[in-house]
Amino acid sequence: DGGITQSPKYLFRKEGQNVTLSCEQNLNHDAMYWYRQDPGQGLRLIYYSQIVNDFQKGDIAEGYSVSREKKESFPLTVTSAQKNPTAFYLCASKPGTAYTIYFGEGSWLTVV
Amino acid sequence: QKEVEQNSGPLSVPEGAIASLNCTYSDRVSQSFFWYRQYSGKSPELIMSIYSNGDKEDGRFTAQLNKASQYVSLLIRDSQPSDSATYLCAVGRGFGNEKLTFGTGTRLTIIP
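These protein sequences, in sequence, are chains A and B. Heads up: the first sequence is residues 1 to 112, going by my numbering. Heads up: the second sequence is residues 1 to 112, going by my numbering.
Isolated chain B (complex conformation) (with noise of 0.2 angstroms):
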């Protein structure tokens, strides 16, 4: 079993939809989660992180973070054109522990 899991897509939204992204952990102590975007060919940006259980919202996007089922997802509203990238999910322990343990993306594209 992958420490982290992620559907590597393509997942093909039209534009306008929601868009949902979804992301399976192993390690039950791990604490802090990210979504980072990666443009094909770019570096990886930040887009979201959670700590707690529950949703985060932050304009277009909403991580929710579900512990006791070890998952997390991203929902992108209003899908743009130029939100089509790949789209990564990172887990870290926290508490000290610097390594986050990434899972190899889902490639998401918006259908104009």
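Okay, chain A solo, but in the shape it has when bound (with noise of 0.2 angstroms):
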């Protein structure tokens, strides 16, 4: 099936600790984001790409990376730099020529 996989679901992290969130997507889509959520708020921009090899910090990269090695994979990593990680990750992605962007199910993290 086609569509946006995100793992893992659900992370826990010790403190100090960096972690990676993987996503992974087979629509051949050219752009790839990854937005944060803290609940009962909107969706914030951490990084986003809009090619192989490329990648753009969005509204809140401080302690956050990613790579963007093929078309079909975004890694985002929470670093130990990041001090309020719990949050649901959501990656999303959007063919080339179209505004409209589809998202994964979403990673939830929690610092323990």
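Certain hints may be false.
[Said to hold, decoys possible] BS3-like cross-link-like pairs, simulated, lysine-lysine; straight-line CA separation at most 25 angstroms:
| id | chain 1 | residue 1 | chain 2 | residue 2 |
| --- | --- | --- | --- | --- |
| 1 | A | Lys70 | B | Lys67 |
| 2 | A | Lys9 | B | Lys42 |
| 3 | B | Lys67 | A | Lys83 |
| 4 | B | Lys2 | B | Lys67 |
| 5 | B | Lys2 | A | Lys57 |
| 6 | A | Lys57 | A | Lys9 |
| 7 | B | Lys99 | A | Lys71 |
| 8 | A | Lys83 | A | Lys57 |
| 9 | B | Lys99 | A | Lys57 |
| 10 | B | Lys2 | B | Lys99 |
| 11 | B | Lys42 | B | Lys99 |
| 12 | A | Lys9 | A | Lys70 |
Don't read these hints as lab results, they were simulated from the structure.
Hints are included, so try docking the two chains, each in its own frame, into the full complex.
As structure tokens, then:
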């Protein structure tokens, strides 16, 4: 089936650890995005990438890193520098000629 | 002033009635507008997109856009309990700018 796959769905992180969230899409979409959602809040853009080997910071990039080595993959690393990482993380993608973005099922990250 | 503003609700509507959700935005050059529905604990799913002034209808949903007044609305006719969710308004600049800015969402409850 075509779609956007995020893993893991639930992840627990200890203080000081880096964790990586996976996002894979088989839709042949050019652009990919990472958003963060806190309870009762809207979505805030962390990073986005329009083409392979290129990405831009969003509104809240501090404490996060990404890579785009393949068109179908856009992993997000939450580093120990991110002071409040507990949130719902959403990966999204978009065809090159369209405005509409589509979301994966999300990953819940909790710091313990 | 927030870039995209929505009334957080909760908005309670009787089953079968019309639910009206509103959104205002601050960037006058915005060109693309979206409504996403998000059930609790799930990722957002696209309901409507609109790019031109006026109304756009899709089944029980109607999106309305007024660029001069900088607002976009979503009407849900014949509201069903399954429509109970948080509705997110998203705005994009278009013209190759790939980022969407989201409002914080309006929580809608349909009362049987």
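These are the hints, each one checked on the structure:
1. Lys70/A <-> Lys67/B: violated (38 angstroms)
2. Lys9/A <-> Lys42/B: holds (11 angstroms)
3. Lys67/B <-> Lys83/A: At roughly 39 angstroms apart (the allowed maximum being 25 angstroms), Lys83/A and Lys67/B break the hint.
4. Lys2/B <-> Lys67/B: holds (17 angstroms)
5. Lys2/B <-> Lys57/A: holds (20 angstroms)
6. Lys57/A <-> Lys9/A: holds (24 angstroms)
7. Lys99/B <-> Lys71/A: Roughly 18 angstroms separates the two Cα atoms, so the pair holds.
8. Lys83/A <-> Lys57/A: holds (18 angstroms)
9. Lys99/B <-> Lys57/A: holds (11 angstroms)
10. Lys2/B <-> Lys99/B: holds (16 angstroms)
11. Lys42/B <-> Lys99/B: Between Lys42/B and Lys99/B the Cα gap is close to 21 angstroms, so the pair holds against 25 angstroms.
12. Lys9/A <-> Lys70/A: holds (22 angstroms)
Comparing the model with each numbered hint stated earlier shows that hints 1 and 3 do not hold.
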